[in-house]
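**Q** Sequence:
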Amino acid sequence: MTASEHRFLLVKAKKAILSPSHSESPIQVLIDQYSGKVIEIANECTTVISQDLLQVIELDDNQVLMPGLVDAHVHLNEPGRTEWEGFETGTKAAAAGGITTVIDMPLNAIPPTTTVSNFKTKLDAAKGQCHVDVGFWGGVVPDNADQLPALIEMGVRGFKCFLIESGVDEFPCVNESEVRLAMDKLVNSDSVLLFHAEMDGCGKIPVQEELDPRTYASFLNSRPQALETNAIDMIIRLTQEYHEQGKSVNTHIVHLSAADAVPAIRAAKASGAPLTVETCFHYLNFTAETIEDGATHYKCCPPIRESSNRDKLWEALLDGTIDYVVSDHSPCTAQLKKQDTGDFGAAWGGIASVQFGLPVLWSEGRKHGVTLQQIANWLSLSPAKRIKLDHKKGQICVGHDGDLVIWRPESTFEVNINDVHFKNKLSPYVGKSFYGAVDRTIVRGVTVYDRNVKGLFSQEPLGRPLLQ
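Residue numbers for the sequence shown follow UniProt numbering, so the first one is 1 and each next one is one higher.
These are computed hints drawn from the structure, not numbers from a lab.
Honestly, I wouldn't trust all of these hints.
What the hints assert, rightly or not - Below, simulated DSBU-like cross-link-like pairs (lysine-lysine); rule was C-alpha separation at most 30 Å, straight line: (1) Lys454 x Lys15; (2) Lys454 x Lys247; (3) Lys247 x Lys392; (4) Lys247 x Lys185; (5) Lys385 x Lys185; (6) Lys37 x Lys454; (7) Lys269 x Lys425; (8) Lys385 x Lys269; (9) Lys14 x Lys312; (10) Lys127 x Lys425; (11) Lys120 x Lys185; (12) Lys120 x Lys367; (13) Lys425 x Lys367; (14) Lys247 x Lys385; (15) Lys454 x Lys12; (16) Lys185 x Lys37; (17) Lys37 x Lys14; (18) Lys454 x Lys425; (19) Lys312 x Lys367; (20) Lys367 x Lys15; (21) Lys127 x Lys388; (22) Lys338 x Lys247; (23) Lys127 x Lys367.
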């Protein structure tokens, strides 16, 4: 948008949650679409603007206005594996789910985001394709520690490593000595080191040969909780060691599934260790007992566990041990899911889900007395803080980006495959019913998704790379 097209958006909401600390109330939000910033919030905005320059959106009684969602764990897979997902389709799906910011993971694309050159390739691939704002995680692999400072300068939000085989050859796992090399580059910085926290050496996990590979139990038994607790014990030990030596390094555990690790995490955080934790929508929603034989679209690593484990994860989320919730959207082509054989051992592990996090978490959360303020924390402000974008994302306030979601918490809907916008539509959420239909998503004051119009999405992808 040029200065000559300087326009404004006024959103009038009878029910609004501006931030996790804000009680639901009527509010008006005025956004300058040229800067993309919120310029006034009031019961009735008073800034004088010519009517021909002003767009007004007035919410219905059953709609709620909240900060745009931040999904800090998404695999967009482009370039290199764009047949799995891409910037265009993945960010459309995000927009349809009320998400205004996604952070792209460094692996499953070819090349991975592990060098400056590779990151430039990634940025080139993203140009002109993104319907929401996109940030980027870098990766830690053997022998790339010297690349990390330059990648930070280029704007990556932090770095992910695997302590077990990642599943793709171009992103090898690292051992403790290699983790230390990476941590040495991040000492006393705002960056963060993310861990795929499963550890059993650096190689393939033995499959339980005596079990039928079509059964979910065959896969679950091959990824026991001990893999996670072993890894998390090491992560905590290193985090505390560096912290006690005055060489603090921010660490983060991605997609926690093992509730057995919660006591150690809780104790580490209580001791002041700079550690944060996320879990995923699927771990808080599905249970191992309900996954049918051959239903390989439920396979992910670490795995969906038993209902008793799910209950403990909810406890950890509610008491603040787990900081926020992400999709870990990790799709692939249908043939890689091995639906023809139903072989869990051979199938690619990943849940396709970026579009459905809000209704999934809200639907299950209602059973636990979850409030809209908690949803705003777990899906907006807390992840924005972790990625160091809370100066402009994660809450609705003057000076921040005008990122908004308008949704109906009390409305139910069924996920129809025709309404799925990510590229490969094989997902365990298809056919399920949820509370919380997303009506409109606004990025920096401009509607990028509107469920009630024929085009659904803005004609021009308006998303930007988040490099500052």
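**Q** For every hint, state whether the structure bears it out.
**A** These are the hints, each one checked on the structure:
In summary, the hint linking lysine 454 to lysine 15 is supported, as the alpha carbons are separated by about 26 Å, within the 30 Å threshold. A distance of roughly 54 Å separates the Cα atoms of lysine 454 and lysine 247; the hinted pair therefore is violated under the 30 Å criterion. Using a Cα cut-off of 30 Å, the hinted pair lysine 247 and lysine 392 holds, with the two alpha carbons roughly 28 Å apart. The hinted pair formed by lysine 247 and lysine 185 meets the criterion: a straight-line CA distance of about 10 Å does not exceed 30 Å.
Restraint check for lysine 385 and lysine 185: satisfied, since their Cα atoms lie roughly 21 Å apart, inside the 30 Å limit. Taking the CA atoms of lysine 37 and lysine 454, the gap is near 27 Å; set against the 30 Å cutoff, the hint holds. For the hint pairing lysine 269 with lysine 425, the CA-to-CA distance comes to about 38 Å; that exceeds 30 Å, so the pair is violated. Distance check on the hinted pair: lysine 385 and lysine 269 sit about 16 Å apart at the alpha-carbon level, within 30 Å; holds.
For the suggested pair lysine 14 and lysine 312, the alpha carbons sit about 36 Å apart, so the restraint of at most 30 Å is broken. Distance restraint check for lysine 127 and lysine 425: the Cα-Cα separation of roughly 24 Å lies within the 30 Å cut-off, and the hinted pair is therefore satisfied. For the suggested pair lysine 120 and lysine 185, the alpha carbons sit about 21 Å apart, so the restraint of at most 30 Å is met. Of the pairs offered as hints, the one joining lysine 120 and lysine 367 is violated, with about 45 Å between alpha carbons and a cut-off of 30 Å exceeded.
For the suggested pair lysine 425 and lysine 367, the alpha carbons sit about 28 Å apart, so the restraint of at most 30 Å is met. A distance of roughly 21 Å separates the Cα atoms of lysine 247 and lysine 385; the hinted pair therefore holds under the 30 Å criterion. Among the hinted pairs, lysine 454 with lysine 12 is consistent with the structure: their alpha-carbon atoms are about 23 Å apart, no more than 30 Å. Between lysine 185 and lysine 37 the CA atoms are separated by roughly 34 Å; this puts the pair beyond 30 Å, and the hint is violated.
About 21 Å separates the Cα atoms of lysine 37 and lysine 14, which keeps this hinted pair within 30 Å; it holds. The straight-line distance between the Cα atoms of lysine 454 and lysine 425 is roughly 21 Å, inside the 30 Å bound, and the hint therefore holds. Annotation: proposed proximity of lysine 312 to lysine 367 holds, straight-line Cα distance about 14 Å (limit 30 Å). Distance hint between lysine 367 and lysine 15 is fulfilled; the C-alpha atoms sit about 22 Å from each other, no more than 30 Å.
For the hint pairing lysine 127 with lysine 388, the CA-to-CA distance comes to about 23 Å; that is within 30 Å, so the pair holds. Annotation: proposed proximity of lysine 338 to lysine 247 is violated, straight-line Cα distance about 46 Å (limit 30 Å). Proposed proximity of lysine 127 and lysine 367 is contradicted: the alpha carbons are some 42 Å apart, above 30 Å.
In summary, the structure is inconsistent with hints 2, 7, 9, 12, 16, 22, 23 from the numbered list given earlier, while agreeing with the others.
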